[in-house]
Structures are given as C-alpha cells and as structure tokens.
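Listed in order, the protein sequences are those of chains L and B.
Just so we're aligned, residue 52 is where the first sequence starts under our numbering, counting upward by one.
Just so we're aligned, residue 14 is where the second sequence starts under our numbering, counting upward by one.
For the record, the hints were derived by calculation from the structure and aren't laboratory data.
One thing to keep in mind: the hints can contain errors.
As the list claims (entries may be wrong) - Across the chosen pairs, the derived CB separations fall in these ranges:
{"hint": "1", "chain 1": "B", "residue 1": "Leu-209", "chain 2": "L", "residue 2": "Leu-268", "range": "48 to 54 Å"}
{"hint": "2", "chain 1": "B", "residue 1": "Gly-189", "chain 2": "L", "residue 2": "Gln-237", "range": "53 to 59 Å"}
{"hint": "3", "chain 1": "L", "residue 1": "Glu-121", "chain 2": "B", "residue 2": "Val-199", "range": "32 to 38 Å"}
{"hint": "4", "chain 1": "B", "residue 1": "Pro-196", "chain 2": "L", "residue 2": "Thr-126", "range": "16 to 22 Å"}
{"hint": "5", "chain 1": "B", "residue 1": "Thr-66", "chain 2": "L", "residue 2": "Arg-217", "range": "54 to 60 Å"}
{"hint": "6", "chain 1": "L", "residue 1": "Ala-258", "chain 2": "B", "residue 2": "Ala-104", "range": "46 to 52 Å"}
{"hint": "7", "chain 1": "L", "residue 1": "Thr-126", "chain 2": "B", "residue 2": "Glu-190", "range": "27 to 33 Å"}
{"hint": "8", "chain 1": "L", "residue 1": "Glu-121", "chain 2": "B", "residue 2": "Gly-30", "range": "18 to 24 Å"}
{"hint": "9", "chain 1": "B", "residue 1": "Gln-107", "chain 2": "L", "residue 2": "Arg-257", "range": "46 to 52 Å"}
{"hint": "10", "chain 1": "B", "residue 1": "Glu-190", "chain 2": "L", "residue 2": "Thr-74", "range": "25 to 31 Å"}
{"hint": "11", "chain 1": "L", "residue 1": "Thr-74", "chain 2": "B", "residue 2": "Ala-104", "range": "18 to 24 Å"}
{"hint": "12", "chain 1": "B", "residue 1": "Gln-107", "chain 2": "L", "residue 2": "Ala-131", "range": "32 to 38 Å"}
{"hint": "13", "chain 1": "L", "residue 1": "Ala-60", "chain 2": "B", "residue 2": "Ala-182", "range": "30 to 36 Å"}
Said to hold, decoys possible - Only pairs whose alpha carbons sit at most 25 Å apart, straight line, appear in this in silico SDA-like list of lysine to any residue:
{"hint": "14", "chain 1": "L", "residue 1": "Lys-93", "chain 2": "B", "residue 2": "Val-31"}
{"hint": "15", "chain 1": "L", "residue 1": "Lys-93", "chain 2": "B", "residue 2": "Leu-28"}
{"hint": "16", "chain 1": "L", "residue 1": "Lys-93", "chain 2": "B", "residue 2": "Ala-36"}
{"hint": "17", "chain 1": "L", "residue 1": "Lys-93", "chain 2": "B", "residue 2": "Gly-30"}
{"hint": "18", "chain 1": "B", "residue 1": "Lys-131", "chain 2": "L", "residue 2": "Glu-150"}
{"hint": "19", "chain 1": "L", "residue 1": "Lys-93", "chain 2": "L", "residue 2": "Pro-62"}
{"hint": "20", "chain 1": "B", "residue 1": "Lys-131", "chain 2": "L", "residue 2": "Gln-274"}
{"hint": "21", "chain 1": "L", "residue 1": "Lys-93", "chain 2": "B", "residue 2": "Leu-25"}
As the list claims (entries may be wrong) - To give a feel for the contact side, a few chain L residues facing chain B, derived at Cβ under 10 Å:
{"hint": "22", "residue": "Pro-70"}
{"hint": "23", "residue": "Arg-72"}
{"hint": "24", "residue": "Thr-74"}
{"hint": "25", "residue": "Glu-79"}
{"hint": "26", "residue": "Phe-109"}
{"hint": "27", "residue": "Gly-132"}
{"hint": "28", "residue": "Gly-133"}
{"hint": "29", "residue": "Pro-135"}
{"hint": "30", "residue": "Leu-142"}
{"hint": "31", "residue": "Trp-143"}
{"hint": "32", "residue": "Tyr-147"}
{"hint": "33", "residue": "Gln-274"}
{"hint": "34", "residue": "Arg-277"}
{"hint": "35", "residue": "Glu-281"}
{"hint": "36", "residue": "Leu-282"}
Using N, Cα and C, we set each Cβ at its ideal position, and we do this for glycine too.
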Amino acid sequence: MARRQRVEAEPAYVLHARPWRETSLLLEVLTLEHGRLALVAKGARRPGSQLRSVLLTFQPLVLGWSGAGEVRTLTRADWAGGVPLPQGRALWCGYYLNELVLRLLAREDPHREVFLAYDAAVRALAAGEPLAPVLRRFELAFLAALGYGLDWPHTVAGRYRFEPHRGLVPLMEGESAPGEVVLSAQTLEDLRAGCWSRPATLAEVRALTRRLIDHALDGQELQARRMLRELLE
Amino acid sequence: MPTPLDELIEALRCLPGVGARSAQRMAHHLLQRDRRGAQRLARAIEAALTTLTHCARCNAFSETTVCARCSDPARDATLVCVVESPADMEAIEQTHSYRGLYYVLMGRLSPLDGIGPKELELERLLERLAAPEVREVVLATNFTNEGEATAHWIAERVRARGLAVTRLARGVPLGGELEYVDPATVAHALIDRRRLDAT
Ligand SMILES: [Zn+2]
Chain L
52 MARRQRVEAE
62 PAYVLHARPW
72 RETSLLLEVL
82 TLEHGRLALV
92 AKGARRPGSQ
102 LRSVLLTFQP
112 LVLGWSGAGE
122 VRTLTRADWA
132 GGVPLPQGRA
142 LWCGYYLNEL
152 VLRLLAREDP
162 HREVFLAYDA
172 AVRALAAGEP
182 LAPVLRRFEL
192 AFLAALGYGL
202 DWPHTVAGRY
212 RFEPHRGLVP
222 LMEGESAPGE
232 VVLSAQTLED
242 LRAGCWSRPA
252 TLAEVRALTR
262 RLIDHALDGQ
272 ELQARRMLRE
282 LLE
Chain B
14 MPTPLDELIE
24 ALRCLPGVGA
34 RSAQRMAHHL
44 LQRDRRGAQR
54 LARAIEAALT
64 TLTHCARCNA
74 FSETTVCARC
84 SDPARDATLV
94 CVVESPADME
104 AIEQTHSYRG
114 LYYVLMGRLS
124 PLDGIGPKEL
134 ELERLLERLA
144 APEVREVVLA
154 TNFTNEGEAT
164 AHWIAERVRA
174 RGLAVTRLAR
184 GVPLGGELEY
194 VDPATVAHAL
204 IDRRRLDAT
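Sequences and hints are given; from them, build the entire structure.
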C-alpha cells in the first residue's frame with residue numbers, strides 16, 4: 052500500500068473535490084488501472100490556477116501522480132475533452148454515480164471494469180440518453196465487479212424472487228411475494244440481451260439494483276438519491 | 014488551559030483557507046506589529062455580529078430587516094438574480110448593467126457533502142420568488158458542476174410556477190484570445206454558441 056508510486060499518464064475522472072489546506076484541493080479520483088485514489092492538487096485553489104478549469108467532475112482527464120501513502124500528489128492534469136457536462140437531471144444522476152462509487156468502492160482496489168462502466172455511463176449522460184437504462188447498466192456492472200453479481204438460471208422460465216443472500220429463487224405458479232423483488236423470465240431475457248425498451252424490465256431491474264445497493268450500503272442513505280427524490284416530488 | 018495566544022491562533026483558523034501556520038503568522042502580526050489594527054478588527058467583528066442579520070428579501074447581510082438595495086424603488090423588481098455568495102452579487106453590481114434585485118443563496122447544493130435543498134433553505138428562495146411582481150429569475154450560480162446542479166434544481170421548481178428562467182451565458186472571456194483560453198472553456202463556449210442574425 053505505502054510503496055512509492057509514480058504514474059505519468061492515466062485515464063481518470065474526478066469523483067469529488069474538497070478544499071485542502073490553504074490553497075489545495077483533495078481529490079477523490081477513479082482511474083482505469085489503479086482504482087479509486089486520493090490525490091492532492093497543490094495550489095489548485097489559488098486565484099487563476101490553471102488546474103481549476105481542468106479538475107472538473109464528469110470530464111475525462113489524464114492524470115499523473117507520485118508519492119507513497121494514502122494521499123498522493125497530483126503531478127499532471129490534462130483535460131481529455133470530447134464530453135460536454137451532463138445537464139439538468141443527468142447531472143444529478145452523475146452525482147448519484149459518484150456517490151455510489153465513493154461509498155462502495157474501497158480506495159486502491161483496482162477494477163478496470165468499474166472505470167469502463169463509469170466512463171460509458173458519464174458519456175451516455177452527457178449525450179442526453181434516457182437516464183434509467185444508463186443508471187441500471189452502470190449499477191449492474193458496478194455491483195458485479197464488487198461481487199454482487201447474479202447467478203443466472205440455466206433455463207429461464209416463469210418468475211423469480213430475488214434475495215441478497217440466496218440470489219434468484221423460482222416462484223411457484225400463482226405464488227405471490229408481496230414486498231419482494233420479483234423478476235419475470237422476460238426481464239431476465241431482456242437483461243441478457245441488453246434490451247431496455249420494456250417499461251416492466253426497467254421497473255423490475257430498478258427494484259433489483261435498489262435491493263442490492265441497499266444491502267451493500269448496509270443501511271446508509273445515499274444523499275444524491277434523496278435529493279433527486281426531493282426534486283421530483 | 015490554553016494560553017491567550019494559543020486561543021487567538023486557534024480562533025483565526027476558523028477563517029477559510031487559514032491553516033495553523035498562517036494563523037500563527039496573523040496572530041504574531043496583530044499582537045506585535047499592529048495592535049491598533051487588532052483592536053479595530055475585534056470591535057468590527059463584535060459590531061457586525063450584533064448589528065447584521067440576513068435581509069428578509071435577498072438573504073444578504075443587512076442592518077435592517079430589508080436591506081437598502083431591496084428597498085430601492087429605482088431597481089427593477091420584476092427581475093431576481095440568484096447568486097451563491099455576497100461576493101458574486103458585488104461582481105454583478107460592478108458591471109453596472111443589471112438593475113434588478115438579488116437573492117443570495119449563501120452556498121450551493123453539494124450532494125456529496127450532504128448540502129441539499131433543505132440545508133440551503135431553498136424553500137425561502139421559492140417563497141421570495143412567489144412575490145407577484147417577479148417575472149424573471151436570472152440564475153447566476155457558478156459554472157462549477159455544483160453551481161449547475163443548483164441552477165437546475167431552482168429552474169425546475171421555478172418553471173413549474175410559470176416564471177421565465179434564464180441562466181448566465183458561459184463563454185470565452187472578453188478580449189480573450191482562443192489560443193490562451195483553457196480548452197474546457199472553449200469546448201463549452203462551442204456548445205453554447207449562438208446564431209449571428211443579420212440586424
Ligand atoms: Zn435585500
């Protein structure tokens with residue numbers, strides 16, 4: 052963990068930035084090969100700092116850093132460009148993604164597939180794609196990377212009840228499961244095919260990821276989700 | 014038991030961006046080089062704390078329930094400009110090109126820091142905007158993602174009430190040569206490009 056590291060140029064996103072000491076920023080970043088890291092951007096809060104317009108959230112960046120220990124020092128920050136800032140509700144969804152990653156992905160636990168899923172989600176939000184499928188795709192990829200993936204039944208038929216500890220449990224015909232997450236065979240087929248056109252699929256998968264995330268968060272509340280809900284009220 | 018010097022240094026650290034070393038430097042300066050300045054500072058803080066409140070209309074600091082700017086009949090009460098801080102309000106005032114009123118949020122939404130609509134008391138802003146003379150809300154929060162998220166939140170709520178909502182344009186600084194402007198600014202100026210119509 053504490054070994055010295057020098058990285059010259061690594062694709063990354065800033066997940067969160069907060070003031071640090073007198074003129075610096077403490078960044079939480081998500082990188083392609085090195086997972087989530089904490090970096091100090093020295094002098095980034097000085098008036099006229101060139102770093103400030105580069106170290107934006109939801110913008111693909113190329114970062115370099117060096118140092119040992121839990122917090123490294125940013126040595127390079129280039130704006131990779133090509134992605135407009137997500138607007139409106141998409142921006143709020145972006146905060147939700149950031150909060151999920153910050154809460155559930157430990158620092159220095161590299162997951163290339165998390166970065167790739169995050170990058171795809173941010174680009175889709177910025178492009179104004181329908182929000183729900185973007186969020187569900189990211190949640191499923193992220194949860195799978197963290198080890199909360201689903202074990203798929205070999206043949207899909209009927210309906211399934213989902214339990215965090217047991218996975219998908221077939222439901223008897225006519226059996227009801229009030230208050231539980233129930234997935235139909237059609238939804239599982241849609242998931243496998245990456246097809247999001249059916250409202251029922253979206254609704255069932257939303258309930259599924261929600262249950263998995265609540266389980267992973269162990270009772271903590273997501274601020275961004277709460278605020279998004281208040282906005283829609 | 015901390016000495017008065019330790020106490021002063023610790024107290025100065027409540028200022029934004031002031032760490033232990035700067036606080037120590039300030040304390041030594043005040044005590045050693047500028048005792049009159051220190052006395053003046055102490056009195057000014059005391060006086061400001063006892064006399065200033067938030068203006069009931071714009072939420073900026075004021076000695077009276079409604080501040081002088083909000084009670085100025087020469088200002089256009091149909092326009093309300095929403096800014097994050099009193100400093101932002103002064104920046105707009107310095108342009109001498111805005112004659113409407115203001116609302117100062119005293120912050121911005123920051124979901125990952127737990128600062129939501131409740132914490133920012135956005136209901137107070139909505140109540141202010143419910144005044145019958147208000148026609149347009151100019152959103153002048155900063156061009157950070159948090160400023161954008163704040164602007165979007167307010168816009169959604171305000172539009173539902175039938176008010177016009179505008180956002181400060183973002184772009185290349187006046188006199189700015191593209192070559193020297195940072196690429197993110199140029200990229201967004203490109204997104205926000207406008208048609209040049211023949212006049
Ligand atoms: Zn006022």
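To see whether the hints hold, each was checked on the structure:
1. For B:Leu-209 and L:Leu-268, the Cβ-Cβ distance of about 51 Å falls inside the hinted range of 48 to 54 Å, so the restraint holds.
2. For B:Gly-189 paired with L:Gln-237, a C-beta distance near 55 Å keeps the hint of 53 to 59 Å intact.
3. Separated by about 36 Å at the C-beta atoms, L:Glu-121 and B:Val-199 satisfy the suggested range of 32 to 38 Å.
4. Range check, B:Pro-196 to L:Thr-126: Cβ separation about 19 Å, and the 16 to 22 Å hint holds.
5. Between B:Thr-66 and L:Arg-217 the Cβ separation comes to about 59 Å, which falls inside the hinted range of 54 to 60 Å.
6. At roughly 47 Å, the beta-carbon separation of L:Ala-258 and B:Ala-104 lies within the given 46 to 52 Å, and the hint holds.
7. A beta carbon spacing of about 28 Å between L:Thr-126 and B:Glu-190 agrees with the range 27 to 33 Å that was offered as a hint.
8. Between L:Glu-121 and B:Gly-30 the C-beta distance comes to about 23 Å, which sits within the given range of 18 to 24 Å.
9. Here the CB-CB span from B:Gln-107 to L:Arg-257 is close to 48 Å, well matched to the stated 46 to 52 Å.
10. At about 27 Å, the CB distance of B:Glu-190 to L:Thr-74 agrees with the hint of 25 to 31 Å.
11. Hint check: L:Thr-74 to B:Ala-104, Cβ distance near 21 Å, so the stated range 18 to 24 Å holds.
12. For B:Gln-107 and L:Ala-131, the Cβ-Cβ distance of about 35 Å falls inside the hinted range of 32 to 38 Å, so the restraint holds.
13. In this structure the supplied range 30 to 36 Å holds for L:Ala-60 paired with B:Ala-182, their Cβ-Cβ distance being about 34 Å.
14. Proposed proximity of L:Lys-93 and B:Val-31 is supported: the alpha carbons are some 15 Å apart, at most 25 Å.
15. Of the supplied pair hints, the one linking L:Lys-93 and B:Leu-28 holds, its CA atoms being roughly 19 Å apart against a limit of 25 Å.
16. Of the supplied pair hints, the one linking L:Lys-93 and B:Ala-36 holds, its CA atoms being roughly 20 Å apart against a limit of 25 Å.
17. Proximity of L:Lys-93 to B:Gly-30 is assessed by CA-CA distance (about 13 Å); at most 25 Å being required, the pair is judged to hold.
18. Between the alpha carbons of B:Lys-131 and L:Glu-150 the distance comes to roughly 19 Å, so the proposed pair stays at or under 25 Å and holds.
19. For the hint pairing L:Lys-93 with L:Pro-62, the CA-to-CA distance comes to about 20 Å; that is within 25 Å, so the pair holds.
20. The straight-line distance between the Cα atoms of B:Lys-131 and L:Gln-274 is roughly 12 Å, inside the 25 Å bound, and the hint therefore holds.
21. With a CA separation close to 22 Å, the supplied pair L:Lys-93 and B:Leu-25 stays within the 25 Å bound.
22. For L:Pro-70, the interface hint holds, since its Cβ comes within 10 Å of a Cβ in chain B; the closest pair sits about 7 Å apart.
23. Given the 10 Å rule on beta carbons, the hint for L:Arg-72 holds: about 6 Å separates it from the nearest Cβ of chain B.
24. Interface restraint check: L:Thr-74 against chain B, minimum CB-CB distance 7 Å, threshold 10 Å, status holds.
25. Annotation: interface hint on L:Glu-79 holds; nearest CB of chain B at approximately 9 Å, less than 10 Å.
26. With 10 Å as the threshold, the beta carbon of L:Phe-109 comes within range of chain B, its nearest partner Cβ sitting at about 6 Å, so the hint holds.
27. Nearest Cβ of chain B to the Cβ of L:Gly-132: about 6 Å, under the 10 Å cut. The hint holds.
28. At a threshold of 10 Å, the smallest CB-CB gap from L:Gly-133 to chain B is about 8 Å, leaving the interface hint in force.
29. Hint status for L:Pro-135: holds, given a least beta-carbon distance of 5 Å to chain B, under 10 Å.
30. Interface hint status for L:Leu-142: upheld, as the beta-carbon distance to the closest one in chain B is roughly 5 Å, under 10 Å.
31. Because the smallest distance between the Cβ of L:Trp-143 and any Cβ of chain B comes to about 6 Å, under 10 Å, the interface hint for this residue holds.
32. Hint on L:Tyr-147 holds. Least Cβ distance to chain B is approximately 8 Å, under the 10 Å limit.
33. The interface hint given for L:Gln-274 holds, since its Cβ lies 5 Å from the closest Cβ of chain B, which is under the 10 Å cut-off.
34. Below 10 Å, beta-carbon pairs count as interface contacts, and L:Arg-277 has one with chain B at about 7 Å; its hint therefore holds.
35. Of the supplied interface hints, the one on L:Glu-281 holds, with its beta-carbon coming within about 6 Å of a beta-carbon of chain B, less than 10 Å.
36. Hint status for L:Leu-282 relative to chain B: holds, with the closest Cβ pair at about 6 Å, below 10 Å.
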